[in-house]
Amino acid sequence: MDHYKLLKDCIKSKPNAQRQLYELFADTMLGVCYRYTKSVKDAEDVLQEGFIKVFLSLKQYRHEGELGAWIRRIMVTTALNFLKRNRNYREQMYFPPEHLHPVIYDDPVIMLEAKELAELIRQLPPGYQTIFNLHAIEGYSHVEIGELLGITDGTSRSQYARARALLISWLENYPVANKTENYGK
Amino acid sequence: MASEFEKNVRSTMDGLKVHPSAEVWQKVEQRIRENKRKRRILFFIVFSLIGLALAGYGIINLPGRSGLNSEVASVRTKEAPKNSTPQNSSNGAKISEKIPSYNKLIKTQKAAAGVTRAQSSTANKRKSRKVNRSNGGERLPEEPNNSTPEIASHKKTDFKVDSTNSKNPSLNNGPLTRSDGQNKIADPLDSKIIGANDSAISKAPEKLISVTKPQMKNQNKWKWGIDISLGASTITQDAFSFKGASYSDATAYSAPSSANSGGPTSGAFYGPSGNNAAFAFKAGFQIKNEISARSSVRAGLMYVYLADKIKVGQSGSSNQSSGSSQSAYYAATPQNTYTEHFHFIELPLSYDWRMPRNSNRYFSLTGGMSGSYLVSTNALVYDTAQHGIYYKDNSLFTRMHFNLMGGTAYHVSTTKTEFAIGPQFSFDLTKLINSDVDKRKYFLYVGLETRIFFEKANRK
Chain A
13 MDHYKLLKDC
23 IKSKPNAQRQ
33 LYELFADTML
43 GVCYRYTKSV
53 KDAEDVLQEG
63 FIKVFLSLKQ
73 YRHEGELGAW
83 IRRIMVTTAL
93 NFLKRNRNYR
103 EQMYFPPEHL
113 HPVIYDDPVI
123 MLEAKELAEL
133 IRQLPPGYQT
143 IFNLHAIEGY
153 SHVEIGELLG
163 ITDGTSRSQY
173 ARARALLISW
183 LENYPVANKT
193 ENYGK
Chain B
47 MASEFEKNVR
57 STMDGLKVHP
67 SAEVWQKVEQ
77 RIRENKRKRR
87 ILFFIVFSLI
97 GLALAGYGII
107 NLPGRSGLNS
117 EVASVRTKEA
127 PKNSTPQNSS
137 NGAKISEKIP
147 SYNKLIKTQK
157 AAAGVTRAQS
167 STANKRKSRK
177 VNRSNGGERL
187 PEEPNNSTPE
197 IASHKKTDFK
207 VDSTNSKNPS
217 LNNGPLTRSD
227 GQNKIADPLD
237 SKIIGANDSA
247 ISKAPEKLIS
257 VTKPQMKNQN
267 KWKWGIDISL
277 GASTITQDAF
287 SFKGASYSDA
297 TAYSAPSSAN
307 SGGPTSGAFY
317 GPSGNNAAFA
327 FKAGFQIKNE
337 ISARSSVRAG
347 LMYVYLADKI
357 KVGQSGSSNQ
367 SSGSSQSAYY
377 AATPQNTYTE
387 HFHFIELPLS
397 YDWRMPRNSN
407 RYFSLTGGMS
417 GSYLVSTNAL
427 VYDTAQHGIY
437 YKDNSLFTRM
447 HFNLMGGTAY
457 HVSTTKTEFA
467 IGPQFSFDLT
477 KLINSDVDKR
487 KYFLYVGLET
497 RIFFEKANRK
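Chains A and B supply the protein sequences, listed in that same order.
Sequential numbering of the first sequence, starting at 13, is according to the numbering used here.
Sequential numbering of the second sequence, starting at 47, is according to the numbering used here.
Here chain A stands alone, though its shape is the one from the complex (with noise of 0.2 Å):
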């Protein structure tokens, strides 16, 4: 069934449909999800609540990108509030003005496992974490991060140089076989 026909019935709120539309994007939303969060049960919660609003707000939905992108972003607001209303999340999530951080440059090969960088990157502070996301992996400027966290740019882009850093460092110490073959280049 293509996605036209799907969101149709699903707009129609016809129970197969919408079943079928989770289960289309649920592996891959919790992925999304799961990065954002420190557990699970949070990442679940946070999924639980996107797909209420991707299912309650499909008919704005323009087909003017891929669907999966659409709920993507839902899935990534609906995480960033979840971060600045959790209590466990909103006391770290506090982003000082620093001066910038030089900027590593190293563009190490990562040889990991999704699972196990997504591990990695979860163990950032709530901060990092939140931003390194934004950036690197869900690609927003740092001026739309700080829209999004109500920070300054000059902030997102410190902040990121930081996590980046300590992820790098992370990457290098990680235990993987052949990581000095494909590190540092």
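Among these hints, one or two may not hold up.
Claimed, not checked - Below, computed lysine-lysine pairings styled on BS3-like, alpha-carbon distance capped at 25 Å:
| hint | chain 1 | residue 1 | chain 2 | residue 2 |
| --- | --- | --- | --- | --- |
| 1 | A | K17 | B | K357 |
| 2 | B | K73 | A | K65 |
| 3 | B | K82 | A | K26 |
| 4 | B | K487 | A | K20 |
| 5 | A | K24 | B | K63 |
| 6 | B | K84 | B | K438 |
| 7 | B | K269 | B | K357 |
| 8 | B | K73 | A | K24 |
| 9 | B | K487 | B | K438 |
| 10 | A | K71 | B | K485 |
| 11 | B | K357 | A | K24 |
| 12 | A | K127 | B | K63 |
| 13 | A | K96 | B | K73 |
| 14 | A | K20 | B | K477 |
| 15 | B | K73 | A | K26 |
| 16 | A | K20 | B | K73 |
No lab work stands behind these hints, which were simulated from the structure alone.
Note that the structure is predicted; figures quoted are calculated from it, not measured.
Based on these hints, arrange chain B on the given structure of chain A.
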């Protein structure tokens, strides 16, 4: 600009998939169903309010009615200032001759009021007197300013019943015939006003004309009543059909199967059962307004009980009453009759066309539509799972329904009450069950409707 590192991270993370637990979908589904239900309730309320408001507005502001009142009002407005001159008071007959529209208006008024012959025999006499009296106090809009000799010659002497009125027996009962210069008043009611002094009439034209006003208001009166309808309902496969759901492919399921993995029917598949009509009824309150001599509109609030009968087998669940909407199921073996109950709240809006128009016993044809909300049901839905089962899942039933109604009725009307009885039917325009397997889709109701309407007491 993304470096290689960012590109690597992105490409790696694109492959990250985590399988969520089953609870997530259950919660999502529950929330979207709740939300849908809330929206339906809200929509139902809004629709009902808009419908009632439109109905009320339409009833009050129909062109025929507003024209009638405005015509009277315009006559009053135009005549009132000029009627202070006494010479006009004697020109009632002439004036009425010159106001064909006014006579027409009176006829319309009579017809619209639906005055019966029995009632009209005495009432019309008074009407005609009142109308002629009121005409006597009025002036034609096109009449020159009281200065023509012709009009002056009739001053205080001639009263003639106009030809228009003479053609109308109901309006010709008035005693206003005076040609000898003296007042010949047959009716003591009139003598008080006309016999005393014509100028008295002309001095109080507003008061005289306003006599007609309550007559107009009587046409606007609302009636409220009770509506009870007893009949039968069933669920049809197609809209506008009297035929129940048929399962031509049922044999595909009923063939013996080699499956021996247990289940309620020990290896045989059973298709959905046919459905039969069951007792149903409607009851509630309605308001009615006669918008013209022939037509009226009704709106109301009804409780509707509809039902349908199917054949099911033994219950496959021991916890049917546990409250879970999906816990109870029955084998599709056609062993026992299961009556499905549906409880609706309905807001009907209908139009009645009567024939003949001037009688207290008449027939009417009714057409209309209604919005209804499914409040609760114990209905089952068929599924091919487990060799064919019927199970409960209220989320598969459409809550908000729109119906087309029709019928005919025989009316007996008295001065204070109106009784009507006749057959009624309604077709559901909304699919009842959201299931690809269960073909029962549209409700059909046929019944005998009884209505009793009461007129609001006249405070005059």
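* Asked: Is the hinted pair B:K487 and A:K20 satisfied, with a Cα-Cα distance of at most 25 Å?
  -> holds (21 Å)
Original post:
Taking 25 Å as the top limit, are the C-alpha atoms of B:K269 and B:K357 close enough?
Top reply: violated (44 Å)
query: Are the Cα atoms of B:K487 and B:K438 separated by 25 Å or less?
result: Satisfied, since the Cα-Cα distance of roughly 16 Å is no more than 25 Å.
Sort out whether B:K357 lies within 25 Å of A:K17, counting only the CA atoms. Not satisfied, since the Cα-Cα distance of roughly 35 Å exceeds 25 Å.
Restraint status (C-alpha distance of B:K73 to A:K24 at most 25 Å) | holds (19 Å)
Check whether the Cα positions of B:K73 and A:K26 lie no farther apart than 25 Å.
Holds: B:K73 and A:K26 sit about 17 Å apart, inside 25 Å.
Is the Cα-Cα distance between B:K357 and A:K24 25 Å or less? Judged against 25 Å, a Cα distance of about 30 Å means the pair is violated.
Practice task
Would you check the hint for A:K96 and B:K73, treating anything up to 25 Å between C-alpha atoms as holding?
Solution key: Roughly 22 Å separates the two Cα atoms, so the pair holds.
task: Compare the distance between the alpha carbons of A:K127 and B:K63 with 25 Å, and conclude whether the hinted pair is satisfied.
output: Roughly 8 Å between the alpha carbons, so the hint for A:K127 and B:K63 holds.
**Item:** Given pair status - B:K73, A:K20, alpha carbons within 25 Å
**Value:** holds (22 Å)
* Between B:K73 and A:K65, does the CA-CA distance stay at or below 25 Å? -> It holds: about 13 Å lies between the C-alpha atoms, which stays within 25 Å.
- Task: Decide if the proposed pair is consistent with the structure: A:K20 and B:K477, CA atoms, cutoff 25 Å inclusive.
- Result: holds (17 Å)
Of the numbered hints stated above, those contradicted by the structure are hints 1, 5, 7, 10 and 11, listed in ascending order.
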